[in-house]
Amino acid sequence: MKKVLSLVLSICIISVLMAGCGSKDKATTAAGPKKVTLNVMMSFPRFMDTMQAYMDKFKAKELKEKNIDVTVNLEMPSSDQYVTTLQTRLSSNDAPDLFTISASADLATYQKAGYLMDLTSQPFVSKLYSNVKSTVSLDNKVYLLPFESTVWGYLYNKDIFQKCGLTPPETLDDMKNVVSTLKAKGYTPFELAFQEQWVPQLMTALTLGGTVSGTVPDWTKRMYEDKGSYSEVAPIFDIIDLIMQNGTGRAMETGSEQGCADFANGKAAMFVDGTWAAESIMKVNPKFNLGAAALPVNNDKKCTMVNLATTTSLAVYSGTKNKDVAIDLANYILDDNDSSDLYKSLMFNPVATVHKFDQYSWAKEVSSYVAAGRAYTDLVLPQAVTDEQGKLLQSYYLKKVTKEQFIQTMDKTFKDANKAKAQANK
Amino acid sequence: MNYGLNKGKNIKMFLFILPALAFFTVIKLIPAVMGIVYSFTNWNGINPTKKFIGIENFKELFASDPDFWVSMGLTLKYVVVIVILMNMTALLLAVMIENLNRGKGFFRTIFYLPNMISMIIGGFMWKFVFTQVLYRLAEKTGMKFLDQPWIGDPKYAFWSIIAVAIWGGAGYLMVIYIAAIQSVPTYLYEAAIVDGASSMRRFWSVTLPMIRNSITICLFVTLNSAFQVFDVVYSLTGGGPGGATQVVAINIYKEAFARSNRFGYATAKSTIVFLIVLIVTFIQLKVTQRKEVEA
Chain A
317 MKKVLSLVLS ICIISVLMAG CGSKDKATTA AGPKKVTLNV MMSFPRFMDT
367 MQAYMDKFKA KELKEKNIDV TVNLEMPSSD QYVTTLQTRL SSNDAPDLFT
417 ISASADLATY QKAGYLMDLT SQPFVSKLYS NVKSTVSLDN KVYLLPFEST
467 VWGYLYNKDI FQKCGLTPPE TLDDMKNVVS TLKAKGYTPF ELAFQEQWVP
517 QLMTALTLGG TVSGTVPDWT KRMYEDKGSY SEVAPIFDII DLIMQNGTGR
567 AMETGSEQGC ADFANGKAAM FVDGTWAAES IMKVNPKFNL GAAALPVNND
617 KKCTMVNLAT TTSLAVYSGT KNKDVAIDLA NYILDDNDSS DLYKSLMFNP
667 VATVHKFDQY SWAKEVSSYV AAGRAYTDLV LPQAVTDEQG KLLQSYYLKK
717 VTKEQFIQTM DKTFKDANKA KAQANK
Chain B
-9 MNYGLNKGKN IKMFLFILPA LAFFTVIKLI PAVMGIVYSF TNWNGINPTK
41 KFIGIENFKE LFASDPDFWV SMGLTLKYVV VIVILMNMTA LLLAVMIENL
91 NRGKGFFRTI FYLPNMISMI IGGFMWKFVF TQVLYRLAEK TGMKFLDQPW
141 IGDPKYAFWS IIAVAIWGGA GYLMVIYIAA IQSVPTYLYE AAIVDGASSM
191 RRFWSVTLPM IRNSITICLF VTLNSAFQVF DVVYSLTGGG PGGATQVVAI
241 NIYKEAFARS NRFGYATAKS TIVFLIVLIV TFIQLKVTQR KEVEA
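Residue numbers (my numbering), protein chains in the order written: chain A, 317 to 742; chain B, -9 to 285.
Rather than coming from a laboratory, the hints here were simulated on the basis of the structure. Just so we're clear, the structure is a prediction, and the values are computed from it rather than from any experiment. Yeah, the Cβ is synthetic: ideal placement off N, Cα and C, and Gly gets one too. Careful: at least some of the hints might be erroneous.
Listed next, the stretches of chain A that the computed footprint assigns to chain B, with coverage defined by at least 3 CB atoms under 8 Å from CB atoms of chain B [claimed, not checked]:
1. 400 to 412
2. 464 to 476
3. 562 to 572
Facing chain A, according to a computed beta carbon distance under 7 Å, are these residues of chain B, among others [unchecked claim]:
4. 36
5. 37
6. 56
7. 142
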């Protein structure tokens, strides 16, 4: 008897559950505003409140103008889990309607997989700055809406520089003079925070970018064809050695946040880190006089350039069921009236003509290089290569590998990455 | 135990394990089998389509991936050290606590406590201790030997990881050993005392043989978890400095998520690790079970 009862009960429960799943769409047929739910996934949890407020504004606008009641489910997984979460959702047919990816690293892969909607004809495209537009385009089609764009070189302590009567150096020899002047006055020239691999990696990003753009412009292309070598860009070690030999101690025990704190407290005069670190630095020392400049890599002034990269960008999922509303939201991010405030409160660089806010002094300083044509677009290297560079620079600092081994390993890593890519595209 | 089972009893028993079995199948077994299937593809984790490429992943793994085998060697070293040190520590703690007259509960709790903290958090805590606390302690107290690059130098990093892993894991084994020691019948000890055995002798000749089945379990648990070690390394050193502490799980993780998105190749690696763990634990169970005795 009991068995029969439990069977009946469980059947009841299951059928109720199923009914619950099935009746989702019926509620929308009633008169009044049309109800739409958008799932949005973004990779910066620290801006949850700001973005939520902006989504509420979008909701009000959409209700007023189109009589659509939009519910935005904003999801922000922590940054180290973001990619995994996104990939799982995409491959299990549970993709969010809009999501952020890294334009420089992932645009081609996601486009090829067919997840990105072509946004070329959208109104926001005409507002984009042309150098930003090119970072989110592939074969002249725009697939992403640029969110966070960075212009960066290295950071320096303006107060220390002024006390020593120094200005940001333009060439490697200038830099050597700056280093010896700083040391003579009792300052440590460089802050070293190498515990996390991405921080030493910034040195290769900057030096390769400058060297390649200035002297061997076809290097990246040839590397992808297995016809180049790191030995061609070996002079990057001139500046890397200079930095490593004149830096703070305990580099391998210093994480990026600690590095920012030490730098903010005046432990060193320069720090190879991007302008994204400004927030952390100013939090530690709100009176800090922060400067940012282009890192010289050799004695050729035209190789001294800042890095221009679009990192986090917003994509519209190609298979979204609410295409119109999703595209409205994408356009609203670069809205004529509201976008400027959003980008300002996020501390992002302006990416479009609608952004008319005052930049921070350090952001202005690096942007002046862009205006003078002294910027290169971030080199697109395979992820495995970037990762290995960071790893090897740690080992190089610890003197566990030599320059020659560095070059050899990087050549092999690049070739392996090419091979892996070819295999994946088979 | 009565093994003369009738059918009804069998079904009843099966029903009891059904929830756990269903869970295990859905969460562990099916993904594991799917993983093995993926290891024969070139899937990159993003593309909706994947192609079967036969054993090419495995060929590449054996022919041209020295990094993986370096990681494998490091993992083996880690397994050996952890299995020995962790079990010795746990057994020592268990014996010491059991010999206390008072405060047993207090010490048991203290040593078990790290087990309640996720190893990711434990790792970050220790990272802070290693990088921020110890060198300041050295400055203030003059104990200069404390000021070492604990996680910044390959020489020390491995042993720092071992220390944190034991800190986090020994408590769990200790509880198993305490339970085992408590279940040793007292008349055996009394007989040994009558025979004039010293306390050391009683430990070797009575306690150890009587807790062999717990040793089997603990060895199995440590072997298994040590091969798969990830969280403590990930949070403490992230596989660095350089690649000095890149254990196999980190290597696989990087292959799949952080470097080249090669899911197919990464699952091929995990399949190999799975086979190695399977063989090693199988041998271990066979060898240690043979030595177990019944009271």
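Status of each hint after checking the structure:
1. 400 to 412: As far as the stretch 400 to 412 of chain A goes, the hint holds, because 4 residues have Cβ atoms under 8 Å from chain B.
2. 464 to 476: violated (count 0)
3. 562 to 572: With 6 residues close enough to chain B, the hint holds.
4. 36: With a minimum Cβ separation of about 5 Å from chain A (threshold 7 Å), the hint on residue 36 (chain B) holds.
5. 37: 5 Å, holds
6. 56: At 10 Å from the nearest chain A Cβ, residue 56 (chain B) fails the 7 Å test, so the hint is violated.
7. 142: 3 Å, holds
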